[in-house]
Amino acid sequence: MIIVAEKINTSRRSIAEAVEKRDAGFIVKVARDQADAGANYIDVNAGTFLDREVDCLCWLVETVQSEVDLPLCLDSPNPTALAEAIKLHKGEPMLNSISLEEDRFEALLPVVTSHPCHVVALCMAQTSMPTTVEERVHVASELINRLTGEGIPLEKIYVDPLVQPVSVDVRMGIATLEAISHVMKGFPGVNTICGLSNVSFGLPQRRLINRNFLALCMAYGLSAAILDPTDNPLMATLFSVEMLLGRDEYCENFIEAYENGRIVG
Amino acid sequence: MSDFKALAEAVTKGDIKTAVAETQKALDSGSNVQDILDNGLIATMDEVGERFSKGLIFVPQMLRSARTMQECMKLLQPLFQESDVTSKGKVLIGTVKGDLHDIGKNLVSMMMEGAGFTITDLGVDVAPEKFVQKVQEVEPDIVGMSALLSTTMPSMPLTIEALQKAEIRDKVKIMIGGAPVTEKYAQEIKADSYASDAGSAVTKAKELLGIRG
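Protein sequence lines, in the order shown, are assigned to chains X and A. Here the first sequence is numbered in my numbering, starting from -1 and rising by one per residue. Here the second sequence is numbered in my numbering, starting from 730 and rising by one per residue.
Calculated directly from the structure, the hints in this document are not laboratory data. Just so you know, not all the hints are guaranteed correct.
[As the list claims (entries may be wrong)] A few chain A residues that face chain X, going by a derived Cβ cut-off under 10 Å, partial list only:
| # | residue |
| --- | --- |
| 1 | MET791 |
| 2 | LEU836 |
| 3 | LEU878 |
[As the list claims (entries may be wrong)] According to the in silico footprint, chain A covers these stretches of chain X (three or more CB under 8 Å from chain A):
| # | segment |
| --- | --- |
| 4 | 124 to 138 |
| 5 | 195 to 201 |
Quantities reported herein were computed from a predicted structural model and do not represent experimental measurements. All C-beta atoms in this analysis are idealised placements derived from N, C-alpha and C, irrespective of residue type, glycine included.
Work out the full structure, taking the sequences as your base and the hints as a guide.
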C-alpha cells in the first residue's frame, strides 16, 4: 500500500495557524510524525488560503522538504498552485489532481508532462460527477488513455474513483469499490487511490466506517490511500488487511507493528 | 387545527406508506389543505431539520423524511389553486460556476422545500449571468450559492458583482454554503448569510425573511 499522509491540510485549524505564522517547527513535526508512521508521500494542501494559496503551498514544500526526506503530494484543484509548487519540489512529487474538466486538464497537462511526477487522475467528467460504476470507469479510461497518450507511464497514474457519501445514496460505496476493481483489471500496472472520509459524510462513528471502507477498498484492489498514518486503529486495519490479502510475507509488517504497540482495536 | 400526530410520526420516521395514507385520511375527513401542509408536514420537517442540526439524527434519516413529505405533497398539490399557495418565500439555488458538486446543495433544497419555501434549483456549474437571468425571471427572495472547492469560491463574489451590475442585488438576500465556505468569507464578500448545514440553512433563511418559528 502506498500511503499519502493527509494531515498537512489548512482546512485543519492547527495547520492553518502554523502556516499563517510560518511556524516551520510545527509543520516539520507533523510531517516527521507521519513519515515515522509509514508515509510514502506527505500531502500538502493550502487551499483555504485562496488568493495566498500559491505562496503558502510553496512555503510548505520548502519547509517540509528541508527536514523530511520524502516526496510530497502537492494537493490543489488549482493548476497554477501546482505549477509553482512543483518547481521547488526535490524529487518526484505526486500531483493531486488532474480531471477531465477541460480547463483543469488543459492547464495541468503541460505541468505533468514537463516534470517527472506521479499524478492523481480524479474521476470528474467534464460536466458532471459520475455516480454509477460504468460512468466512473468510463471517465477513468478516458483519463488514462489521454495521459498515457501524452507519454505518462501507466504506473505513475493514480486513478481516484471519486468517493461519495453512502448517507445520500447507499449504492455509492459499492460503486466506488467496483470501479476500483474494473480499473485495476482493465489497466494492469495502473494505481488506484482514494481518500476515505467522504464515504461517511452525514453519519455517526465516521472513523469506524472509514476503517471498514479502507479494508473493502484494499480487497477490491486499491493500491494507494490518502489517510492519517498516525491513526493507530486505522493503521492496524491496514496492516492486518495487507496480511490477510497475502501481501505481507511471513506477516512481518503486522508483527513489527504489533511489537511497536501499533496494533490496537 | 386538526391533530396530525400519526402523520407527523410517519414523516418523522420516513414511513412513506403510512404518511401517504394519513394524508389521504386527513383529506377525506375534510381537513383544510393548507392546515395539513402547515401543521402536518412543514411543522414536522422543521423539527426534523432542528434534530439534524443538533446531531440527533443523521443525513439518511433527514433525507427519508424529506422524501416522505414529497410523496405526501403529491396528494396536496393538485388541490392547491396556483394563487392559494402560501409559500414562505421563493429561493433560487445553485452550485457556482466551475463546480460540479451537488450533494450539499440538494440537501439544502430538500430541507428548504420541506420548510415551505418554493425552490428553483439551477443545478451545478451555474454562471453569474445565469444567476442574474434567473433572478430577473423568478424574482426570488433568497439566492443560495454553494461551492465545494476553494478554487470555485471566487465565483460567489463574481455572482454578487454581476447581480450588482444588473441592479438587482438589493432585491434579494444572498446565502452561501459549502465545505470550504465560512461565516468570515460570507462577510468578506458581503453575502447576507452563511449556513453550515441543511438544517441551519432553513433557520437562516427564515431569519433573513423575518419569519418566526
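Each hint, compared with the structure:
1. MET791: Result: holds, 8 Å to nearest chain X Cβ.
2. LEU836: holds, 8 Å
3. LEU878: holds, 5 Å
4. 124 to 138: holds (count 3)
5. 195 to 201: holds (count 3)
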